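Engineer: Residue numbering for the sequence shown is 1 to 525, as defined by UniProt numbering.
Some hints here could point you the wrong way.
[To be verified] Lysine-lysine pairs mimicking DSSO-like chemistry, simulated, CA-CA at most 30 Å apart:
#1 Lys199 x Lys302
#2 Lys119 x Lys87
#3 Lys208 x Lys220
#4 Lys208 x Lys318
#5 Lys318 x Lys302
#6 Lys221 x Lys208
#7 Lys87 x Lys199
Calculated directly from the structure, the hints in this document are not laboratory data.
Please read these numbers as outputs of a predicted model, since none were measured by experiment.
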Amino acid sequence: MVYEFTFTLLYDLFLQFGSQMLFFAFGWVYLVKKLFKDYESSIDRHDVQFVQAIFSLTFSTSCALFELIIFEIMDVMHKDSRYICWKITLYVSLFLVIILIPAYQLYLLITNIQESLPKRYSIIIALLCWLIYFYGFWKVGDFFPIKNTEKKSIPDDTLIQFGMSRVGVLGVTIMAILSGFGAVNSPYATLFFFLRQVKDTDIQAAEKKYLQTLDIILNKKRRIIISQQQRTTNEQNSRVGGFVRRMFNTMANGIGISSENISVLRQEITGLENFGRQLFLDIEDLYQERDRILYSKTWQGKYYNFMGYNFSIYCIYKIVMAIVNIILSRVGKTDPITYGLTLAIAYFNIKEIDIDFWYQQLSFFTVGIMIFFSIRGLLIQFLKFFRAVSNPVSRNNIVLFLAHIMGMYFLSSVLMLRMSLPEVYRNKITILFKSIDIAFYHRWFDVIFLVSGIASMVFIYFVHQANNSNVMLSTAMTPSGTPNGSLPITSPISPGDVSGIGGGSLSGSGSSRWTSNNNNLYYRS
């Protein structure tokens with residue numbers, strides 16, 4: 001009997017380890033192909049690989065937590081094996097989130113700030129900073145009612161209770177902020193009702209202003225270059241000429257552009273380049289909005305819009321229920337699967353049905369969908385955030401920050417997913433967190449979710465107004481000094497002559513309507 005259990009345990013552990021290796025490989029490939037694409041080789045390769053390993057391991061253990069929830073529903077592996085895998089995965093995840101990632105993050109920050117500091121001193125300073133961080137992390141438990149006072153007995157896994165209770169506060173806060181923003185932003189992003197009405201004349205007017213701006217910049221730079229060439233020529237001639245020639249050159253220099261005027265011209269060019277960059281981005285936004293308008297008229301677009309309305313109703317329902325839960329100070333007792341299946345049985349008057357079977361199948365399907373979209377959504381946001389703020393020096397720190405957020409997010413998801421499961425599966429997860437007041441996290445989630453939703457409404461409102469203003473400005477504003485004519489559509493613009501406009505900064509912005517040929521920038525109509 002002992003032999004059979006040992007063999008079963010080893011087989012189950014091997015199965016769990018194999019799946020984690022697959023998750024680890026996926027996290028590594030995602031990091032290399034997406035986040036670390038075109039990574040600068042000037043940074044210490046050892047640090048890069050270690051950061052990749054930390055991120056991939058965090059992703060692997062996070063996915064393993066969701067995998068174990070599905071295993072509980074589908075009754076995969078022996079129950080004792082699942083319990084051991086739960087404990088191992090939680091210990092590794094908490095070690096990463098509480099100890100390894102913050103400590104190494106601090107070490108990298110210190111070495112980036114003081115590169116000349118000896119390595120041992122950097123480690124000592126990072127350790128001292130981590131102790132301060134850990135003290136603050138430990139004190140979180142004093143400010144929140146995270147302990148379940150109904151459980152009088154001492155839990156078996158004190159370290160798991162300690163770590164999960166405090167990580168849960170931070171992770172649930174992150175989840176609530178992201179969910180609140182998503183509940184408001186998703187209808188705004190999916191419904192064509194909020195589309196800006198962009199016409200072809202608006203785009204053409206904005207393009208004309210952009211080309212006029214380029215023309216002005218070229219003229220001003222040409223004036224500076226001609227003036228500098230004249231001054232250089234006159235200075236060379238003055239060295240070999242007589243008194244009369246020197247007097248003539250002095251008068252010619254006075255007639256030309258003075259150094260003060262050149263300085264003013266350069267300031268004007270800088271302002272026009274900034275103006276041109278904004279116009280360039282506004283033009284691309286106008287094209288994207290026009291493409292969305294055209295897409296909304298297709299059958300696929302109409303279906304997408306219909307699904308957007310359904311999802312908007314769900315988002316409104318979530319916000320209303322959060323308000324009700326806060327006002328009534330309540331926590332849901334029945335999971336949506338049980339509630340929905342009970343209503344369906346009562347409505348259709350179904351008598352002969354295997355309730356347990358459908359509970360299991362619907363639980364597996366619902367949780368699987370939630371897990372898939374949670375991981376997919378988080379990875380997409382990671383990619384956007386990384387591309388927006390990273391640079392070759394800070395990429396290691398950014399990746400560690402994302403790994404830290406990911407670990408806390410998925411650990412907290414285990415607590416929050418508990419209410420989405422039927423009672424039989426919920427109890428199997430609850431036994432791991434005996435002394436944690438899980439009801440507090442649901443109340444805390446509702447509060448932060450509502451605050452985040454309201455703040456997101458205000459933010460998106462101002463962004464929407466600003467976007468509408470940009471459309472008007474792009475089509476109505478004319479830069480000072482615009483000539484009567486403008487550059488023809490096919491005029492080449494040298495990136496070397498117009499730095500920042502049509503050069504490296506704009507040609508790499510992702511616009512599909514500007515292309516370069518022989519080091520010149522052309523517009524494709």
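Engineer: What hint numbers does the structure not satisfy?
Structural biologist: 2, 4 and 7
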